[in-house]
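Colleague: Turn these sequences into a full structure, and let the hints steer you where they fit.
Letter by letter, the chains look like this.
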Amino acid sequence: MKIRLAIASSRAEVLRCQYLIAEVYNQEYNIFFSDDSYDLHGKVEPWPHRYLMATVGGEVAGCIGMYLRDTYVGRFGNVGDDEVRRAVVAAGGDAERWLPERKREPTKLAVHSNYRGFSLGRILLGACHSSAFRDTDGDGQSFLFVACAKQSIWRSQWGKIGIQSKVLKPFPIYKVHEDYASPSDPMESRVIIPDLHVPRAWLDLDVPADYDTEQVRRLR
Amino acid sequence: MKQQLTLGEFEGRELKQALSRAHVELPALTMIAHWRRCGLTADWLASMMAYDFEDREQATGVLSTVVNELLENAVKYCSGGDNAVSVSVAHFGDELLIEATNMADERRVRALYAHFSRLEAEGADKLFEELAVRSDRAADAGVGLIILQRDYGVAIAAQAEDLGESGLWKVRIQAMLPAEEMTHA
Chain A
237 MKIRLAIASS
247 RAEVLRCQYL
257 IAEVYNQEYN
267 IFFSDDSYDL
277 HGKVEPWPHR
287 YLMATVGGEV
297 AGCIGMYLRD
307 TYVGRFGNVG
317 DDEVRRAVVA
327 AGGDAERWLP
337 ERKREPTKLA
347 VHSNYRGFSL
357 GRILLGACHS
367 SAFRDTDGDG
377 QSFLFVACAK
387 QSIWRSQWGK
397 IGIQSKVLKP
407 FPIYKVHEDY
417 ASPSDPMESR
427 VIIPDLHVPR
437 AWLDLDVPAD
447 YDTEQVRRLR
Chain B
29 MKQQLTLGEF
39 EGRELKQALS
49 RAHVELPALT
59 MIAHWRRCGL
69 TADWLASMMA
79 YDFEDREQAT
89 GVLSTVVNEL
99 LENAVKYCSG
109 GDNAVSVSVA
119 HFGDELLIEA
129 TNMADERRVR
139 ALYAHFSRLE
149 AEGADKLFEE
159 LAVRSDRAAD
169 AGVGLIILQR
179 DYGVAIAAQA
189 EDLGESGLWK
199 VRIQAMLPAE
209 EMTHA
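Here the protein sequences line up with chains A and B, keeping their order.
Here the first sequence is numbered in the working numbering, starting from 237 and rising by one per residue.
Here the second sequence is numbered in the working numbering, starting from 29 and rising by one per residue.
Read the hints as simulated data drawn from the structure, not as lab findings.
Hints should not be assumed to be uniformly reliable.
Chain B is nowhere near these chain A residues, computed Cβ spacing over 12 Å in every case [claimed, not checked]:
| hint | residue |
| --- | --- |
| 1 | 259 |
| 2 | 262 |
| 3 | 278 |
| 4 | 291 |
| 5 | 316 |
| 6 | 318 |
| 7 | 390 |
| 8 | 419 |
| 9 | 422 |
| 10 | 433 |
| 11 | 445 |
| 12 | 447 |
Derived DEER-like restraints, expressed as beta-carbon distance ranges [stated by the list, open to error]:
| hint | chain 1 | residue 1 | chain 2 | residue 2 | range |
| --- | --- | --- | --- | --- | --- |
| 13 | A | 409 | B | 42 | 25 to 35 Å |
| 14 | A | 409 | B | 138 | 22 to 32 Å |
| 15 | A | 372 | B | 145 | 52 to 62 Å |
| 16 | B | 133 | A | 456 | 32 to 42 Å |
Note that the coordinates shown come from a computational prediction; the quantities given were computed from them, not determined experimentally.
Note that CB positions come from ideal geometry on N, CA and C, so glycine has one too.
Modeller: Here you go:
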């Protein structure tokens with residue numbers, strides 16, 4: 237399947253991404269979204285700040301969001317910058333280069349039901365780690381990643397596309413995750429150091445660009 | 029065979045008898061995606077209907093609370109983002125009828141029915157006390173309806189109608205609010 241990967245830039249594109257995420261996450265996990273009044277115990281989540289979308293013939297087939305600031309891991313996972321700094325050092329990362337103040341968080345991956353079975357989820361997850369999506373501030377500096385997910389997702393999603401990570405700490409239990417995580421499959425906050433943990437094929441992926449899903453689904 | 033579940037005294041009064049009335053219908057997804065729209069819709073409906081009362085500020089506050097609870101409840105129990113959620117307010121002089129409508133699958137209808145059955149059997153005070161000791165009570169859809177009964181003298185009724193092949197039910201929740209609540213200090 238031919239897709240185009242691009243950052244949602246117009247307000248209409250952002251809304252299309254938000255509505256797709258809202259529909260999928262409400263159906264799967266019964267949660268709601270807001271950009272001005274979130275409450276994890278009330279099952280209301282904050283919106284990401286940036287979106288990477290996969291379009292097919294102009295239609296948003298899938299998308300993934302990214303927090304550019306006020307990360308979920310920091311706000312709700314109670315992970316401080318010192319903990320991120322220590323984890324970077326423990327993982328063997330360059331502490332001068334990968335500063336905890338400069339971090340981003342991939343979140344809210346959604347694929348439209350009409351486009352499942354083409355590995356779009358895997359492709360979007362990998363592509364959101366590209367420099368082209370992550371580092372668009374134009375100051376030449378890079379960002380590291382933090383993210384939270386249940387252990388099985390770390391293995392089955394990030395692991396399968398070759399992206400490694402370092403555990404920061406267990407993620408607290410909130411009502412909003414009652415249909416997602418479980419005691420046998422708890423959530424964890426982790427840090428991903430691009431030059432250590434992300435395969436070069438994902439870091440260098442061009443965005444915006446056109447791809448064949450067969451071409452990119454096996455990147456790692 | 030199509031089923032219908034009714035709990036409480038469901039009001040069948042003719043809307044055209046109302047002194048004033050207003051009705052808003054929105055796709056559920058617009059509120060799922062931007063939760064504050066529930067509050068904004070409630071505030072707008074309340075502000076508009078408050079012109080019927082001398083103490084508009086009091087009326088706006090009370091009515092906004094009631095409408096918001098019913099609307100949030102309708103969105104939380106709605107199945108499918110494309111399905112519409114509606115809320116209406118009708119002022120009959122001595123009472124205001126607030127009604128919210130949504131589509132729900134059977135699982136959500138059963139959950140709602142169980143909540144209402146418990147509310148009927150145990151009463152609002154007892155159920156509220158039970159929920160108040162739970163740390164997640166604010167997230168429990170339905171607890172807001174208990175508060176309306178306890179603190180605003182609202183009578184709640186619910187009706188769910190099986191729509192057949194679609195697998196969906198049409199759910200209507202009514203709140204009958206005494207007009208005197210709009211003037212209490």
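Colleague: Against the earlier hints, flag every one the structure doesn't satisfy and list their numbers going up.
Modeller: 1, 2, 3, 13
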